[in-house]
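Produce the entire structure from the sequences given, and follow the hints as far as they go.
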Amino acid sequence: GSGGFRKRKHDNFPHGQRREEKENVNPSSALMTSFKSFQLELDTRHDKYERLVKLSRDITIESKRTIFLLHRFISAPNGEEILNESEVKLDAVRQKIKQVAQELIGEDMYQFHRAISPGLQEYVEAVSFQYFIKTRSLISVEEINKQLIFTAEDREETTNTTSDSHDKQPHTWSLKVTPVDYLLGVADLTGELMRLCISSVGNGDIDTPFELSQFLRQIYDGFTFIGNTGPYEVSKKLYTLKQSLAKVENACYTLKVRGSEIPKHMLADVFSTKTELIDQDEGLP
Amino acid sequence: MSVSDMFAALQGALGQDQDIREEIRKVVQALEQTAREILTLLQGVHQGPGFQHIPKKCQKAREHFSTVRTQMESLKTKFPSDQYYRFHEHWRFVLQRLVFLAAFVVYLESETLVTREAVAEILGIEADRERGFHLDIEDYLSGVLTLASELARLAVNSVTAGDYSRPLRISTFINELDSGFRLLNLKNDSLRKRYDGLKYDVKKIEEVVYDLSIRGLNKEATVGAGGEK
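Protein chains in written order, with the numbering used here: chain A, 158 to 442; chain B, 8 to 236.
Since the hints were made in silico from the structure, they are not lab data.
Where is the CB? At the ideal position from N, CA and C, for every residue including glycine.
Hints are not guaranteed to be accurate.
[Stated by the list, open to error] Going by beta-carbon spacing under 10 Å, a handful of chain A positions derived as facing chain B: (1) 193; (2) 215; (3) 340; (4) 375.
Shown next as structure tokens:
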């Protein structure tokens with residue numbers, strides 16, 4: 158009767174049977190207790206990772222905006238103002254990086270490196286672009302890291318940190334950009350410089366392209382010097398870098414050859430058609 | 008500083024990195040060799056006569072673990088101790104393999120799950136990150152999952168060898184392990200992928216227990232070897 162029915166039900170639903178067995182497992186056994194602590198440990202680690210990913214995304218977005226802002230520097234008459242604004246933006250980015258540094262107190266940075274690496278690279282790109290516009294030279298990795306040492310003086314701005322700042326908490330936080338992150342950021346910078354070169358010709362600026370090709374050549378030489386010592390990503394960027402350099406060199410070539418023949422006010426037109434040609438070439442397989 | 012100086016400095020740093028990796032790779036290769044030897048030794052338990060020699064094989068395996076400890080000791084000296092996760096990938100695989108082997112030995116000896124602390128001790132490393140070269144929790148769990156599939160195999164082979172009680176004990180053990188893993192919220196990573204395989208091991212062992220039950224062979228095991236067929 159009903160017993161047979163029950164039995165058949167069990168046969169059809171082996172899962173039900175399994176769940177019954179599960180209940181036999183003593184929830185307070187040594188094994189279960191240790192897995193409960195594993196659960197806590199893994200959840201804590203994943204939460205931290207997610208928070209860092211979010212911070213990294215914010216850093217990326219703000220850095221990208223700074224770069225767009227800096228591209229306006231060339232054409233705008235109020236250059237000083239834009240530089241100041243970019244500085245304010247970069248300070249905001251550094252505040253985010255400070256939060257990253259605080260998350261990483263007492264942690265092995267490399268454990269969470271994959272979460273923050275994209276943001277750091279974008280920051281390197283933004284900060285080195287600004288540095289180039291200001292000084293026409295390449296910012297060093299030491300210089301970048303110097304700006305990423307934060308002290309507790311900033312506490313007025315973030316009052317909530319005072320509540321959990323005990324004696325054991327260090328009063329400085331720092332984050333170090335790794336050589337590889339720096340290299341990848343600088344490789345991205347060359348793309349921005351190429352854009353800067355093309356647009357500066359559009360504005361009738363004849364000196365900047367030559368300066369830029371000089372600078373890009375130095376960076377390219379540097380990357381070839383590193384060659385395959387670095388990780389795979391660096392070698393991959395080398396290819397794009399070569400293309401950027403070729404574009405800038407071709408631009409300089411055009412300026413040199415045709416610059417003497419064509420009146421200055423027409424140069425921009427000639428140049429824009431030339432760059433279009435390059436772009437089309439690139440589109441071909 | 009000129010651009011070329013900067014890149015020269017960076018190249019120097021990257022070159023040093025490569026040297027460290029090369030050194031680590033050498034030690035890891037030696038560790039892999041030892042792990043293979045232990046595995047070969049323990050594989051013996053799957054063969055018929057091997058079931059009688061389990062304690063002896065475990066003891067031999069434990070002797071091999073002292074080699075592991077000296078190799079671990081040398082691995083620790085190859086890189087700065089605060090950069091564990093920078094080079095983690097190099098020894099991750101072999102460490103998981105060693106966790107499995109240690110867990111297997113401990114299971115064969117006492118039929119319990121080895122704790123993280125105990126594995127760390129067997130391998131001559133720390134359980135906590137704060138205290139130096141440690142055993143990452145995900146590596147520990149991965150090793151434990153490998154143990155589960157090995158035990159599924161052992162359950163089948165122990166029936167072939169005429170040991171009908173072992174599958175029942177393995178079943179209890181795996182079920183407890185399964186409920187343990189159910190507590191974890193795993194991310195979509197390699198550990199999760201390994202965990203997804205656990206249910207097939209559970210299923211396999213349940214099938215073995217089922218086969219024994221419908222033939223009354225599990226009762227025979229509890230009554231004793233001299234029971235009716």
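If you test the structure against every hint from before, which numbers come out violated? Going through the list in order, the structure violates hint 2 alone and respects the others.
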